[in-house]
Amino acid sequence: MKIYKYGDNVDTDVIIPARHLNNPDPKALASHCMEDIDEKFASTVEPGDIVVAGANFGCGSSREHAPLALKSCGVKCVIAKSFARIFYRNSINIGFPILECPEAAEAIQPGDTVTVDFKTGVISDETQGKTFQAAPFPAFVDGIIEAGGLLNSLKVRGVAK
Amino acid sequence: MGMTMTQKILAKHAGLASVEAGQLIEAKLDLVLGNDITTPVAITEFDKAGLTQIFDKDKIAIVLDHSVPCKDIKSAQLCAQARAFAQRFDITHFYDVGQMGVEHALIPEKGLAAPGEAIIGADSHTCTYGALGAFSTGVGSTDMAAGMATGLAWFKVPSAIKVTLTGKFTPYVSGKDVILHLIGEIGVDGALYKSLEFAGDGVAQLTMDDRFTIANMAIEAGAKNGIFPVDDQTREYLKGRVDRPWEAVEPDADAVYDQEVVIDLSTLRPTVALPHLPSNTRTVDEVAGLPIQQVVIGSCTNGRLKDLQEAADILKGRKVAKGVRCIVLPATQQIMMDAMAQGLIQTFIEAGCAVSTPTCGPCLGGHMGVLSNGERAVSTTNRNFVGRMGPTDSEIILASPAVAAASAVAGCIADPAKL
Numbered sequence: 186m187k188i189y190k191y192g193d194n195v196d197t198d199v200i201i202p203a204r205h206l207n208n209p210d211p212k213a214l215a216s217h218c219m220e221d222i223d224e225k226f227a228s229t230v231e232p233g234d235i236v237v238a239g240a241n242f243g244c245g246s247s248r249e250h251a252p253l254a255l256k257s258c259g260v261k262c263v264i265a266k267s268f269a270r271i272f273y274r275n276s277i278n279i280g281f282p283i284l285e286c287p288e289a290a291e292a293i294q295p296g297d298t299v300t301v302d303f304k305t306g307v308i309s310d311e312t313q314g315k316t317f318q319a320a321p322f323p324a325f326v327d328g329i330i331e332a333g334g335l336l337n338s339l340k341v342r343g344v345a346k
Numbered sequence: 034m035g036m037t038m039t040q041k042i043l044a045k046h047a048g049l050a051s052v053e054a055g056q057l058i059e060a061k062l063d064l065v066l067g068n069d070i071t072t073p074v075a076i077t078e079f080d081k082a083g084l085t086q087i088f089d090k091d092k093i094a095i096v097l098d099h100s101v102p103c104k105d106i107k108s109a110q111l112c113a114q115a116r117a118f119a120q121r122f123d124i125t126h127f128y129d130v131g132q133m134g135v136e137h138a139l140i141p142e143k144g145l146a147a148p149g150e151a152i153i154g155a156d157s158h159t160c161t162y163g164a165l166g167a168f169s170t171g172v173g174s175t176d177m178a179a180g181m182a183t184g185l186a187w188f189k190v191p192s193a194i195k196v197t198l199t200g201k202f203t204p205y206v207s208g209k210d211v212i213l214h215l216i217g218e219i220g221v222d223g224a225l226y227k228s229l230e231f232a233g234d235g236v237a238q239l240t241m242d243d244r245f246t247i248a249n250m251a252i253e254a255g256a257k258n259g260i261f262p263v264d265d266q267t268r269e270y271l272k273g274r275v276d277r278p279w280e281a282v283e284p285d286a287d288a289v290y291d292q293e294v295v296i297d298l299s300t301l302r303p304t305v306a307l308p309h310l311p312s313n314t315r316t317v318d319e320v321a322g323l324p325i326q327q328v329v330i331g332s333c334t335n336g337r338l339k340d341l342q343e344a345a346d347i348l349k350g351r352k353v354a355k356g357v358r359c360i361v362l363p364a365t366q367q368i369m370m371d372a373m374a375q376g377l378i379q380t381f382i383e384a385g386c387a388v389s390t391p392t393c394g395p396c397l398g399g400h401m402g403v404l405s406n407g408e409r410a411v412s413t414t415n416r417n418f419v420g421r422m423g424p425t426d427s428e429i430i431l432a433s434p435a436v437a438a439a440s441a442v443a444g445c446i447a448d449p450a451k452l
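Respectively, the protein sequence lines represent chains R and W. Going by my numbering, the first sequence opens with residue 186, and the numbers climb by one from there. Going by my numbering, the second sequence opens with residue 34, and the numbers climb by one from there.
Next comes chain W alone, as it looks inside the complex (with noise of 0.2 angstroms):
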């Protein structure tokens, strides 16, 4: 029986012939990731254990991106507890404050994430770099912590979905709709257990950045992993970045799916998704001109240069309208570099938007943009859970870059081609 792209990663990282959906396995890792959330749990673990040795210390990575720079005593000492750890055993790919940058768009900018490869990492939207090929799915820190000590993960190996893309995106429609869209039809559970796995000559149009946030937000409809084919992109984007072999795995012939979706990208309408669950989506069509009090434009899903090109593009020569903050998030030190270069920094400012440097804290109500009560916040990140960004009565609505940047500039809800 045929192969999917993520069985023939499993299979080759467990030293098999073949797998086939259902069988466990433990496969070797190329990666193992944590953040300074999930990484002190680990540390702990590894220490109650008794462990003392690490599998390799050039294929663990460890991003402080959460909660910094700090923003109160514990996270200090989170901090402090992952720094000593990489310390201690001289983590080549310890990424701290001045460095370091979102996880998810760090370690591919790095070229720690190549195709073929198996990753896991201690944060759920590690399924970021099945957009290069990869096979990496996220853990807790136990498996973290495993992972750290054997260089080995089990899994149960999935069965897929596969995602058929076809056409061209008309103006203002993204990477983000893309997926929006696939989860609103799916549902939250859609993939559940499952690989997203995507084809069809749609995906030459998608460019990396539309890729990594498309395969970021797998885990948003319950997916194991999310991952793409390798082509001309993925290989320039990897030039430069990976000098170390590796090997672009193409799903059998007759490789088995459970099911088949197809999304002409043509007919893509910028899409949201209103609280409190990714799947709860919407055309922007149908609820422009709801009110909004913030906009945050970044995260692991949507804080890439092309994004920050494309909310830039809307808010130059345009104003935050009164009673909204905007708050734009660089995803990395070299985004931000980007950006600067390009003028689009000063777009921002200019428009009255606040720039942070790289932390995920907004997306989880961490720092950097907690909402009060009552208010509803357009967001680029990846969840609209209850509680997530603020109190349980504030609202998320996930979005585009460019539909974020149209809201902000309108003061509610709105579609960028109608300024």
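So here's chain R without its partners, still in its complex pose (with noise of 0.2 angstroms):
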């Protein structure tokens, strides 16, 4: 696994251009995912890479394109200092894992290993030897994301047809 570290305000556009909005197949926004901030992101990201970034990330547009394109990269999760709110909750209705740890954010460095415990929120620098906490989820954001998604846990709830 490799680690792709930016700064603060990664913003949506830097990660899916609005250029390609044109058209949201996962994989071709895949293609084009970060070129803006990072142009050799998505010709080198494989599965199980994680992006490690500062504040607010995801700011800007609302465009779901943009964890999709993440995830559809095969990213493993996203560690930042905090994230933009539309953003946060897209991941999450996405089940794309996130996490807010600033103490991470700040110490993991690119060519380090580091695993994460979805569960528990413990992510393992394993290079530095060090172990961080992130903010767990609320037990009804969970709910959301152990169905699968919002539209899922929508549905086992029986309030949509």
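In case anyone wonders, no lab produced these hints; they're calculated from the structure. Do not rely on the hints blindly, as some may be mistaken.
Derived pair list, reagent style BS3-like, types lysine-lysine, alpha-carbon separation capped at 30 angstroms [what the hints assert, rightly or not]: (1) W:LYS189 - R:LYS304; (2) R:LYS225 - W:LYS107; (3) W:LYS349 - R:LYS261; (4) R:LYS346 - W:LYS195; (5) W:LYS355 - W:LYS104; (6) R:LYS266 - W:LYS195; (7) W:LYS81 - R:LYS304; (8) W:LYS61 - R:LYS340.
Covered stretches of chain R, as calculated for chain W (at least 3 residues, CB under 8 angstroms) [claimed, not checked]: (9) 235-248; (10) 259-272.
Just so you know, these numbers come straight off a predicted model, no measurement behind them. Backbone N, C-alpha and C define an ideal beta-carbon position, used for all residues, glycine too.
Assembling the complex is the task here: the two chains are given apart, and the hints tell you how they should meet.
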């Protein structure tokens, strides 16, 4: 696995530029993911890689294409100091793991080997021998993730038909 | 404990006597909105989940505005998908080319947002309707799909920042300067997960169009929503547009705020945001003279009639500078007609502007005004992120219609008072 590390305010326009929104096929989105901030990302990212970033990750447009593009690239999760709120709920709604943990986002460096336990929110940087505790999701949100996303959770509850 | 305006609206829509910041709730929705980029993704998720019913055909709005009139085959296919869905469920408020406008100008104009209502839209600038005293927030496509199916959305109840406005504007200062100044003060995540609740005697000095501009860019401070109190101007705006009952909400006297920001409108200068964040603000005095190649006047932020009037006041009898392209996009068909009746369109064309049918196009680098390498635009839109309007080495400077028009005439960033 590899770490891709970015700074603060990574906006959804650089995660997936608007010029590519005319084709919402997840594979097409993945092929342009992050190209305006890191043109090598889409060609080098592999399943299981982790994106680490600063504050306000995913700010700007509400385009769900942004977490979808990262998910479709095989990115295992995003660890950031904080997330913009629409990106945060979009990720939950599509079942893409995100972890808010300022300490981990600060400490983890490209080249480190990192493992994540999504159940406990424990992030382990094996290279540095450090562990971090991410903020846990509320039970309500866990329910959405466990059901496989928002729409499935609403179907399970019988409110969506 | 007292509640903010936002908390009161959320409590009512969740069927609760009260809520507090941080609480997770499920709220009933009065409107679910989507556009031609986000609706197709919502439809795909809706179908993939095997859903076959919508909650209320009168409470869903689909506006084709981003890539229309369609810029390419793929955009046309997305519009066709949205159109077919609207027909399948007989969606009452479906707006296609010819009727459509930029969604956040169109929805209030058509009376689809009212005080006290709870609205979600799969577009981040859905926060615009807070100008009318509604709770209104941007979400993604899956939330839109869920909203269409159930009429419900989950929310974490936000805490709030109180923004107290005092005083009166000086000439050539408007709502855009208020919100750019505020974002410059608190930062692009200064209101993250929070409401921006506007208050103070300065609110009465703001036209409805100023309030729409301010609420529209709440998201650029990271906010969940921005919201204004309802006053006589709001009531006047709603007359003839909204005939269903609505309820104005006031904050409790003991409502709790995380922070209070006071802005004296009389001290504001025309303000711009330099690349590449809306918080990178300067007064026009600090950056006047910076050369530009394009000006965009329009968008959900500043494409309303007052915006066009302010731009036309400056462009009347003047010419767009050589080497500058000035593109004007009235945000709705009604605004276009009003602007024609007032002679504004003629003023723009005589000045050498291109005038476009309503579209979001240039704001997101879609069409109708994409930049080339190294070019710099002054734009009345809302985001100046890297690559937003063109290649990654192009630049956007956010400004009011008055500063944009003055800059078009001068060929560089210019103070409207000093033309």
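Holds or violated: LYS61 of chain W to LYS340 of chain R, with C-alpha atoms at most 30 angstroms apart: Holds, at about 17 angstroms.
Holds or violated: the segment 259-272 of chain R covered by chain W, criterion of 3 or more residues with Cβ-Cβ distance under 8 angstroms? holds (count 4)
Mind checking the alpha carbons of LYS355 of chain W and LYS104 of chain W for me, to see if they're no more than 30 angstroms apart? Roughly 28 angstroms between the alpha carbons, so the hint for LYS355 of chain W and LYS104 of chain W holds.
Checking one constraint from the list: CA of LYS346 of chain R to CA of LYS195 of chain W, max 30 angstroms. Satisfied? violated (40 angstroms)
Is the coverage entry for the segment 235-248 of chain R by chain W consistent with the three-residue Cβ rule at 8 angstroms? holds (count 7)
When you check the alpha-carbon spacing of LYS81 of chain W and LYS304 of chain R, does it fall within 30 angstroms? holds (27 angstroms)
Is LYS266 of chain R close enough to LYS195 of chain W, meaning Cα to Cα at most 30 angstroms? holds (25 angstroms)
For the pair we were handed, LYS189 of chain W and LYS304 of chain R, check the Cα-Cα distance against 30 angstroms. Cα-Cα ~21 angstroms, so holds.
Pair hint outcome, LYS225 of chain R versus LYS107 of chain W [Cα-Cα no greater than 30 angstroms]: holds (26 angstroms)
Quick one, are LYS349 of chain W and LYS261 of chain R close enough, alpha carbons at most 30 angstroms? violated (56 angstroms)
Checked against the numbered hints listed earlier, the structure breaks hints 3 and 4; every other hint is satisfied.
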